[in-house]
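Student: One letter stands for each residue in the lines below.
Protein chains: 2
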Amino acid sequence: MGEDREQLILNVAEEMIRQGGYNSFSFRNIASAIGIKSSSVHYHYSTKEDLAVAVTKYYTDQFIGALGSPEDIVSSGKNPISQYVQAFRQALVKDKGMCLCGMLGAETDILPESVVAETRVFFQRNVEWLETAYRTSGEKDGAKEKAIQTVSLLEGAMITSNVMGDLSFFDAAVKLLDKS
Amino acid sequence: MGEDREQLILNVAEEMIRQGGYNSFSFRNIASAIGIKSSSVHYHYSTKEDLAVAVTKYYTDQFIGALGSPEDIVSSGKNPISQYVQAFRQALVKDKGMCLCGMLGAETDILPESVVAETRVFFQRNVEWLETAYRTSGEKDGAKEKAIQTVSLLEGAMITSNVMGDLSFFDAAVKLLDKS
DNA sequence: GTCTATAATTTGATAGAC
DNA sequence: GTCTATCAAATTATAGAC
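Here the protein sequences line up with chains A and B, keeping their order.
The first sequence begins at 1 in the numbering used here and counts up one residue at a time.
The second sequence begins at 1001 in the numbering used here and counts up one residue at a time.
Do not take every clue at face value.
Said to hold, decoys possible - Not everything, but these chain B residues come out facing chain A in the computed CB check (under 10 Å):
1) S1024
2) K1096
3) C1099
4) T1150
5) V1151
6) S1152
7) L1154
8) N1162
9) L1177
As the list claims (entries may be wrong) - Taking lysine-lysine pairs in the DSS-like style, the calculated list, with each CA pair at most 27 Å apart, reads:
10) K175/A - K1175/B
11) K175/A - K1144/B
12) K1144/B - K179/A
13) K1179/B - K140/A
These aren't lab readings, by the way, just hints derived from the structure by calculation.
Being a predicted model, the structure only gives us computed values, none of them experimental.
By construction, the Cβ of each residue, glycine as well, lies at the ideal position given by its N, Cα and C atoms.
Can you build the whole structure from these sequences, using the hints too?
Tutor: Here it is in structure tokens:
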């Protein structure tokens, strides 16, 4: 797949932020992972803040885009919440990393405002998606509350599973959703 | 106990880690917050790794200690899970910070092994406490699974509430526990 | 677009005086 | 226990050549 240079930078930065947050990636680290110099990374993204905003936007678009629409999932006979849980599980298994916006969300206090704002967009769009999913599945009341519960549980499940190095923690945690 | 200075260093370091994680505190920042020099901080904790381990141990002991025993809570007629939720809520409201071990748990991949090990202790002890709480409250089966669900949900609820800057996200999220 | 070179600052850590 | 002084390395960022 023909990734251009900016995409490659975004992908490497994403991986680093998902492993250790905003303060764990540097222009030099990204550059050497790609095989270029740090000044070349600055050519594409002039400041660290700019790069982090771009990564967050890219991550959010990819994540929401990969989900598809809740309505389509329901009308194809599948459970949109199960699909949503699988998206988080895949992120943990395949990329072996945290949710980028879960990580940044925890670090809110030390982030540039523009990055915080973009991280909030992730959560807003996720809550919207889940709200629609619950409504389309027949939940009349409390769809937004259910949405907040679901995304919160999944972010937390990633943390416990990540630190314990045991995916069964993730699976145990998300079973809580079966009861609602 | 090496109360005064060392305690102060631990408290300042705790606050900084809870705001931005392992890479967001430095010997100089801690020193200037206290009014001493960075070399004096090194006198008490020779390396950053040592300091982080000490902070994590201290945080875990304080957190578990403040909870009291689940048995005592139950026999005094109160709900231990409600008390547990309140402990997390207080951490968010009063200190305006994340759970230290939730933060470090997310950053596992970039932490020294000794810090990861100590962070795991936090989660192990929390799961144990909750397991006992659920068993003492009359739950026969699945107490450990419930424990994992509860601590995961609370860690995630702190993230969403923190990033959105709205405590109602925390309150909405934890209502999921009422259904189990 | 990428490079070399460099500036200004911060970092974790140490040596030795008091 | 705290200080001054210092170090080597890393950080974000810029200027200018090719």
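Student: Each hint needs a verdict: does it hold in this structure or not?
Tutor: Cross-check of the supplied hints:
no., hint, result
1, S1024, "holds, 5 Å"
2, K1096, "holds, 8 Å"
3, C1099, "holds, 9 Å"
4, T1150, "holds, 8 Å"
5, V1151, "holds, 6 Å"
6, S1152, "holds, 4 Å"
7, L1154, "holds, 7 Å"
8, N1162, "holds, 5 Å"
9, L1177, "holds, 8 Å"
10, K175/A - K1175/B, "holds, 16 Å"
11, K175/A - K1144/B, "holds, 12 Å"
12, K1144/B - K179/A, "holds, 16 Å"
13, K1179/B - K140/A, "holds, 17 Å"
In summary, the structure agrees with every hint in the numbered list given earlier.
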